[in-house]
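Chain by chain, the residues:
There are 2 protein chains.
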Amino acid sequence: MSANSATGFMIENQKEWHNFKRRETLPSIAVVSAAQMCIQSPEQADSVSSGWGECPLPICVGHEIVGRVVAVGKTVKTVKIGDRVGVGAQVQSDLTCTNCLGDQENYCSNMIDTYGSLYPDGTISQGGFSSHIRAHEYFTFKIPDAIESEVAAPMLCAGITVYSPLVRLGAEPGKRLAVVGLGGLGHFAVMFAVALGAEVYVLSHTPSKRGDALKMGAKQFVVTGTKDWHKPYQFTFDLILNTTDALHSFVLPDYFSTLKVNGHFHTVGFGDHPLPSIMAQSFAPNGCYFGASHIGNRPEMIAMFDLAAACNLKSWIQPVPISRDGCAQVVKDVHANNGRYRYVLVEYDNEFGKRA
Amino acid sequence: MSANSATGFMIENQKEWHNFKRRETLPSIAVVSAAQMCIQSPEQADSVSSGWGECPLPICVGHEIVGRVVAVGKTVKTVKIGDRVGVGAQVQSDLTCTNCLGDQENYCSNMIDTYGSLYPDGTISQGGFSSHIRAHEYFTFKIPDAIESEVAAPMLCAGITVYSPLVRLGAEPGKRLAVVGLGGLGHFAVMFAVALGAEVYVLSHTPSKRGDALKMGAKQFVVTGTKDWHKPYQFTFDLILNTTDALHSFVLPDYFSTLKVNGHFHTVGFGDHPLPSIMAQSFAPNGCYFGASHIGNRPEMIAMFDLAAACNLKSWIQPVPISRDGCAQVVKDVHANNGRYRYVLVEYDNEFGKRA
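Chains as they are written, first to last, in this note's numbering: chain F, 1 to 356; chain G, 357 to 712.
Some clues are possibly wrong.
Straight-line Cα separation of at most 20 Å, DMTMM-like style, residue types lysine to aspartate or glutamate; simulated pairs [to be verified]:
#1 F:K175 with G:D459
#2 G:K498 with G:E555
#3 F:K314 with F:D103
#4 G:K498 with G:D584
#5 G:K531 with F:E150
#6 G:K377 with G:E703
Simulated from the structure, these hints should not be mistaken for lab results. Fair warning: this is a prediction, and the values are worked out from it, not measured in the lab.
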């Protein structure tokens, strides 16, 4: 094993999205992190099973990665060999466009996703179900000593995906917000929003996760399965953060009615179906907005880890040793919605040997 | 004619939305403005022709009204008999709810629209195609001396409807925004946004209004009738303000692509059809938002008139003397999209006699 190649578990056929094969993932590596672990997420399961469209094959998924740096390019300054670092869903951007220069590199037109994206040199990016992954230093983050690697990993995509809209939309003391859905994304949304000082309500279709929501710091748990669930909450929330992929089945005006004037319904969950048909008039009774976002930027990633360290926030995880069978198990379990709340592949040394 | 009754032009049958009959409009009046003029708008034409649903009949429309106060209730303090005042699309709210106490009275659950709303005493509110109208003092605005009545009138609904989202979404120096559609609403959006210091682009389906747009202060005029119109404008606008009622025919992701990161596509134009089918993913490439609003609040109305007076902003109007035929003509012309840019009914004294 050298720093110029990597081995991982790859999918060769999207119809066989749980059939992982061990093979070489990266022909050459610039900045290299030796992955000690990565995280299996619903997004990855979807990606592998074609849920989000075509991807280049074979592909090695995994985009919540913690490891140690084993090699760096000549110009790299912010990380050094041996550092314990994390990499999320993005590994590069042009860093020169208006968006990048304005701390919006997660909206760069030339971004490289952690897996399945084409580098200018023709390489396809490959993810963290692997011995090594390649990332630009700007998208490589030192993990605070206070946060264990397996706890840090899922924050790198699920965490930042909710942290970014929370801070941009003003989750803070005095604000009341609703988190819709309590899964991998939702459980971070609750913990971060509470840590930021907001009052958090969890909205869920069934009462099954009430206990967990309250343990995570939610003030109230609202079951949305009944026809008039929204009526007691008119003009209640400054922000609704949807983390489910089921928006096509929502009566959106019911949710909108629970927003304060000019509040935002923000989604970070994306399904395979269009949004329900809606009139523009549905936004007028309280002047509300609907929107979405894509991960977060570097300053937000650093602030999120600082907050997690300061408040001793812990991801709720289920560790699974990485192996061909382990990879298959977690994507099947995610597909079956069994995760509570994030699977983390661990014990990489047992599979790939000591790399750092 | 006494201050306790009023006569106006009313529609008795929505299928005959241009057949106005002169009859008594108000059985009793609290705060009364003697309407010298009011404005016919597309919204009114739609309302009268059933485009926006049912309304109580007979009905007297008109919701951009300037006149002089001829009577006040015992507790009225902010206006007095003889004042030249304006009334917009809202004549009352409870003034006690959280929204009202937070300067969001235009989103009060107990608001009374200027026409077609039910007062607690059982009266139906009636609008400005009339000798008098009734409004609460909080929704009655002194008109600055520098602004002629016929110029002020259309600002009371069309003006405030665009002024409110412009200031709430930060139209100011350094911001670049797009106004979609140049009609009664759009022409105010251009003039106000320019006066607020923003750089304004007008987006229109055809080039026919280019000259007018530039005269109103727009920096650029973009014709959206071609397939790739949006491509040169990726990440360009802080805000898009749609004033058309044709959103059902828009390719919304094309418009979204022209927004800067976290920008807002805001509509104040409402059609009869649902928005086009769209994926939640369409909001993710720049983290943008879609929303709408309903008129504006009292502080915004006062600030808008102050701005119009300070910058000598003039509504582009076509005056038509009020009469049964005049009312019919303006609703037909609005229906045929002939307005450039707002019809104003004038010469009320000729029809109703001197009232103040």
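Taking the hints in turn, this is what the structure says about them:
For the proposed pair K175 of chain F and D459 of chain G, the alpha carbon gap of about 18 Å is at most 20 Å, so the pair holds. Annotation: proposed proximity of K498 of chain G to E555 of chain G is violated, straight-line Cα distance about 30 Å (limit 20 Å). Taking the CA atoms of K314 of chain F and D103 of chain F, the gap is near 27 Å; set against the 20 Å cutoff, the hint is violated. With a C-alpha separation of about 47 Å, the suggested pair K498 of chain G and D584 of chain G falls outside the 20 Å cut-off, and the hint is violated.
At roughly 43 Å between alpha-carbon atoms, K531 of chain G and E150 of chain F are farther apart than 20 Å, so this suggested pair is violated. For the proposed pair K377 of chain G and E703 of chain G, the alpha carbon gap of about 18 Å is at most 20 Å, so the pair holds.
Violation of the numbered hints given earlier is confined to hints 2, 3, 4, 5; the remaining hints are satisfied by the structure.
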